[in-house]
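There are 2 protein chains.
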Amino acid sequence: MAPTSETLTAERILEATEEVLRRHGPAKATVVDVARVLGVSHGSVYRHFRTKAVLREAVTKRWLDRTTAALSGVVTEDADPETRLRDWLAALFAAKRRKAGDDPELFATYQVLTVENGEAVSAHLADLTGQLARIIEDGVDADVFTAPDPEATARAVFHATGRFHDPGYAAAWQRHDIQTEFEAVVDLLVRGLRG
Amino acid sequence: MAPTSETLTAERILEATEEVLRRHGPAKATVVDVARVLGVSHGSVYRHFRTKAVLREAVTKRWLDRTTAALSGVVTEDADPETRLRDWLAALFAAKRRKAGDDPELFATYQVLTVENGEAVSAHLADLTGQLARIIEDGVDADVFTAPDPEATARAVFHATGRFHDPGYAAAWQRHDIQTEFEAVVDLLVRGLRG
Numbered sequence: 001m002a003p004t005s006e007t008l009t010a011e012r013i014l015e016a017t018e019e020v021l022r023r024h025g026p027a028k029a030t031v032v033d034v035a036r037v038l039g040v041s042h043g044s045v046y047r048h049f050r051t052k053a054v055l056r057e058a059v060t061k062r063w064l065d066r067t068t069a070a071l072s073g074v075v076t077e078d079a080d081p082e083t084r085l086r087d088w089l090a091a092l093f094a095a096k097r098r099k100a101g102d103d104p105e106l107f108a109t110y111q112v113l114t115v116e117n118g119e120a121v122s123a124h125l126a127d128l129t130g131q132l133a134r135i136i137e138d139g140v141d142a143d144v145f146t147a148p149d150p151e152a153t154a155r156a157v158f159h160a161t162g163r164f165h166d167p168g169y170a171a172a173w174q175r176h177d178i179q180t181e182f183e184a185v186v187d188l189l190v191r192g193l194r195g
Numbered sequence: 001m002a003p004t005s006e007t008l009t010a011e012r013i014l015e016a017t018e019e020v021l022r023r024h025g026p027a028k029a030t031v032v033d034v035a036r037v038l039g040v041s042h043g044s045v046y047r048h049f050r051t052k053a054v055l056r057e058a059v060t061k062r063w064l065d066r067t068t069a070a071l072s073g074v075v076t077e078d079a080d081p082e083t084r085l086r087d088w089l090a091a092l093f094a095a096k097r098r099k100a101g102d103d104p105e106l107f108a109t110y111q112v113l114t115v116e117n118g119e120a121v122s123a124h125l126a127d128l129t130g131q132l133a134r135i136i137e138d139g140v141d142a143d144v145f146t147a148p149d150p151e152a153t154a155r156a157v158f159h160a161t162g163r164f165h166d167p168g169y170a171a172a173w174q175r176h177d178i179q180t181e182f183e184a185v186v187d188l189l190v191r192g193l194r195g
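Top line first, the protein sequences correspond to chains A and B.
Residue numbers for the first sequence follow full-length UniProt numbering, so the first one is 1 and each next one is one higher.
Residue numbers for the second sequence follow full-length UniProt numbering, so the first one is 1 and each next one is one higher.
There are no misleading hints in this set.
Among chain B residues calculated to face chain A with C-beta under 8 Å, some are:
no., residue
1, A152
2, T153
3, A156
4, H159
5, A160
6, E181
7, V185
8, L189
9, R194
Think of the hints as simulated: they come from the structure by calculation, not from any bench.
This structure is a prediction, so every number in the text was calculated from the model and none was measured.
In this text, a Cβ means the ideal position worked out from N, Cα and C, and glycines have one as well.
Turn these sequences into a full structure, and let the hints steer you where they fit.
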């Protein structure tokens, strides 16, 4: 076996897959392209990812997990629950805007992939609302929030802020008044949580 | 002049235009098709609507205004502001679901037309948030809502409920838990307004 294939990890394959997707777009990218970038046979890629669909799902999950990982720090930061809630929503909005603005082609590619991989997206949304629920629970424990069902309230907060994280609104994120809109919605929701 | 043309009103032309759009789709519908449906010359149509673009904008505005008209009754209904706010949001959601569910082809057609006619859409959104602002102002006057800037708060409520009226979410409106999601968001917003 060639040395390149010995060091072939799932992570290296996923990195190469993202690069190939960025370059060729989701319609044209193939496993052969990925293998070529890595200098390995396509069989070596299939040893890690059984099918092209499995590989595409894994790369989608990796992309989504990057946001979840970036936000998990906010959940446990040393601040009161209201501050953490505001910080978490602001960090989510910032992460999405950055993804959409810094690399629009890769963002568009992942829009196609997320439609294909509904289960990965559902798991991702459950991860995110789970983080939100933890902050809301802490607020209930600290007697600053009222929420009989923190999980349901977390979903409501997530849905109510969709304009500021749902990729369908990416065009609106460039508008000059979007930050004011974001703060108005978050203020109203925080008041609702306190109420 | 033929008798048909004597009775040719703008409203009759718009009705026929909607019918033609439904039948041929927004890409293929022409002014000649509209004239044929009405049994008049295309010159007669142009006498009312100077260009095809003007006609398409007018038919889009008419479609959007139907929703505004249906909701205006809720603004002035004889009930407390919280009930009117809940009724208004429920009526908006119901109107959008009905439009999307009852006639998906016409709904898809109007999605194309609204992208073309940004100004008509902006005016429509201003009409809707204006209605919401009136209800919120009444709540502030009755001392049941707190909102230093009812117009800004109305926009925040509108944005926070986008999942339940933005056509981009039409697919989610078929899901079994959508009504529960709607109520959770509205409850949280109403608590925020009270707070």
